[in-house]
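Q: Using the sequences and the accompanying hints, generate a full structural model.
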Amino acid sequence: MSRLIEEKEGFPAVLMGNEAIARGALEAGIDVAAGYPGTPSSEIVENLARVAKERNLYVEWSTNEKISLEVAAAASFSHLRAICAMKQNGVNVASDFLLHLAGSGTRGGLVLVACDDPGALSSVNEGESRHFARLVEVPLLEPADFQEAKDMTKWAFELSEELKTLVMIRSVTRMSHASGNVKYGRLPEKASHASFKFDGPFLDSQTGPVISFPVDYKHKIIHEKLKKAREIFDGSPFNTYEGPQKPELLIITSSVCTLYTREAIHLLGAEKRVGVLKLGTTWPLPPKLVKKHLSLTDKILIVEEVVPFLEETVKILAAEEAREIGIKTFYGKNDGTLPMTGELNPDLVISALSKILDIPYQAMAPEFEKKLEAVTASLSPNRELTFCPGCPHRASFWSIHTALQMDNRKGFVCGDIGCYGMGMFPCGFNVIKILHAMGSGLGLASGFGKLNIFGMDQPVLAVCGDSTFYHAVLPPLVNAIHHRANVTLIVLDNSGTAMTGFQPHPGLPVNAMGEEVPGVDIAGVCQAMGAKVEIGDPFDQTATRKSINRLMEEEGVKVLILRQSCALSPEKKNKKKFEMRVEPSKCLGDECSCNRLCTRIFRCPGLVWDKEQKKSRIDEVLCAGCGFCALICPADAIGREEAVNQ
Amino acid sequence: MKKDSNRKDPLNIILAGVGGQGNVMASRVLANMLSLKGFWITIGETFGMSQRGGSVMSHIRVSGTSTWSPQIPKGKGDILVALEPIEAVRVMRIYGNPEIRVLVNTRPIHPVGVIAGDLNYPALENIEKGLNALTPHVWMLDATEEAMKLGNPILSNIIMIGALCGLNLLPVGFAEFTAVIKNFFPEKHLDINRQAFEIGKERVTN
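Top line first, the protein sequences correspond to chains B and H. Per numbering that gives the first Met the number 0, the first sequence runs over residues 0 to 645. Per numbering that gives the first Met the number 0, the second sequence runs over residues 0 to 205.
Hints are supplied without guarantee of correctness; some may be wrong.
Unchecked claim - Restricting the straight-line Cα-Cα distance to at most 20 Å, the calculated cross-link-like pairs of lysine to aspartate or glutamate (EDC-like) are:
#	chain 1	residue 1	chain 2	residue 2
1	B	K369	H	E98
2	B	K219	B	E160
3	H	K128	B	E368
4	H	K148	B	E160
5	H	K148	B	E619
6	H	K181	B	E5
7	H	K128	B	E372
8	B	K369	H	E127
9	B	K287	B	D357
10	B	K610	H	E98
11	B	K224	H	E127
Hint data in this document are derived by calculation from the structure and do not stem from the laboratory.
A: Shown next, in the form of structure tokens:
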């Protein structure tokens, strides 16, 4: 049984931020959870799916984030409590519905958890979701530790029902993926009944139709809700102050930055000089509370990730109140006290504080630092990212790379979001030359595929994963077919949402709760739309390469589905298909005209260049036994034998 | 939660390795062992890219009073457990100090740059010499070799936890280990994990 429901009330468990959020939702008695996987948000829905039966929940991995918010909203409109979770980029996808939802209002408590990734630790940008709260005008909460992540999530449902609006919780990687102590509260008894009422008065969103029309009327209601939110936030226990009554410097902060701030003050011994106003409710600002603290100091530092969101809202309030509270000096991102990009950490806050308060600080004794540099400079070669040993993407990109070289018309690949985005790096032989949002690979390819009338004669390829195919590739596929674009789409089908931990997607016969559901067949969908479809095995090098070369010659939209499950998938992990061996008598090493093709170009971590022997060898710990490298060695020196698995 | 005036608070432990070595699992096992003793635990993890050959690092803060930042400040590591030798060096470069305790699994995992011949992997004796020049408290152990004798290289992470407990740097041991692993591993794997722990402990105490 999941520890999220087996532990007793009051038991201090060590929970991941995402688990704490999930537990908070359970303590709020939710009925429905939906989301689309994306780091660092995935564990919220994943953990709720695990307890769906015991807690009588409906949990789904939706096809994309917009749909997941719509699914959660349907529950709210039927007077149930529902949570929806996604990474920041997902909020962009959901944002069209989000704006309408703010206008229509909600019924049962509805909470959207957006997990941002400052520093882009597992993203291709460091976008901000906090702007959406201000843009669509819904309340925004930011937990600052693990206990708060749970407690605040539970409270968010009460707030949502009090205000009849969606409430947004914003987490970040260092909160969602960090862990800490959480004391459990009570899990409520549930006796939910869903029913959608629609025959009340037209303007009553609780009993009549749920719409954002008439716009002016509904928009005014949003602002009444925000006024009430400000009043509630002014008295919220999630906004706290610690420090002297009249601090020399006031720090206003939120989220995990609170922990960085506390640590910085502690290491500088500045407890008597600095006050910390920690805001758990960051939009709209609690006006009276912030005004009171601004009035007690002259200098204010704002500590937040990534863009100066809090900084701007606090400055607006300070400008509005300047007549009463006086003119303040602000430090933060805008004046360069803290960096405008990347994630923060205790050291960056220390350096900001040390400058403002003129307290010298050295993280390391200078002589030690000097010695450290001298001793370690050559001892930690960089570890670039690569595909796992046995990854079918390496094989697919090898064939795409070879096909493009043989075709020799400067063809290129439009990439998409997933592990295979690393096709832009040497591990994917740099074949991806364009990478943007989910689904943008084929959308861009569809555009490139029409530029032949202006003389562009380069073959255009796009790659996408199986989960991405359903998420956002279907509309550009329709577009490309309808407009007769010349495009080859290669679907890298590894049977799951691999990058985020094998969550099921619509192509699989199972859902998030482990129930049997109809899988939607990618090949069938593409054929029905009118594309030419071929299916291949990426580990069959020759056939794959030949297919790609042939399809590139043809006009219109061609789809090649390369099927091979992820090397880390439960059915493959720790099971070698082949035992691999480099035959030393056959490997010519440096003497071979291949110029170390296997280790220098193919670069699978399972193959090692043995400097002493001057030959390649297999690393038996890392090799996953996919067998592909045996096909690329021109000297036939890499042998493979069917492995015997216990 | 308890406070001990003799113990540094917070105590900062770093577990480092390469994606696929079970770094995250090991850090959670260790953190839960410490949590059993009533400490406040904060774990910071970087694992978004963990399966893709990158460096993986977990920061564990152990405190008698409160939650701490999930990122340890520069130069403030107290204990470093490295599942791979150059990862020990990488961590030392940011979090090292003359008092840090360092426990290293000697089995290298070559970065692709090394496989490709663009970069050099340093000789193990140079790594050991380098670490010893920075702190007198260094232990080297071929945990992967021991794990392979047990039948699975992944057990090297548990061997390292056993070794760490054998060094008596933390107020936890076999009892806490056996108490928490039932929440992490299926019943049939408990025995092999207990064996791995004991082997690690023996290797550093002999």
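Q: Hints first: check each against the structure and report whether it holds.
A: Structure-based check of each hint:
A C-alpha spacing of about 16 Å is found between K369 of chain B and E98 of chain H, which places the hinted pair at or below 20 Å, so the restraint holds. Of the pairs offered as hints, the one joining K219 of chain B and E160 of chain B holds, with about 18 Å between alpha carbons and a cut-off of 20 Å not exceeded. A C-alpha spacing of about 17 Å is found between K128 of chain H and E368 of chain B, which places the hinted pair at or below 20 Å, so the restraint holds. Under the criterion of a C-alpha separation no larger than 20 Å, the hint pairing K148 of chain H with E160 of chain B is inconsistent with the structure, at around 59 Å.
Straight-line distance between C-alpha atoms of K148 of chain H and E619 of chain B comes to about 14 Å, which keeps the hinted pair within the 20 Å bound. For the given pair, K181 of chain H sits about 14 Å from E5 of chain B by alpha-carbon distance, which is consistent with the 20 Å threshold. A C-alpha spacing of about 14 Å is found between K128 of chain H and E372 of chain B, which places the hinted pair at or below 20 Å, so the restraint holds. Taken as a hint, the K369 of chain B and E127 of chain H pair is honoured in the structure, with Cα atoms around 18 Å apart against an allowance of 20 Å.
Taking the CA atoms of K287 of chain B and D357 of chain B, the gap is about 31 Å. The hint is violated against a cut of 20 Å. A C-alpha spacing of about 36 Å is found between K610 of chain B and E98 of chain H, which places the hinted pair above 20 Å, so the restraint is violated. Annotation: proposed proximity of K224 of chain B to E127 of chain H is violated, straight-line Cα distance about 63 Å (limit 20 Å).
Violated hints, listed in ascending order, are 4, 9, 10 and 11; each of the other numbered hints is respected by the structure.
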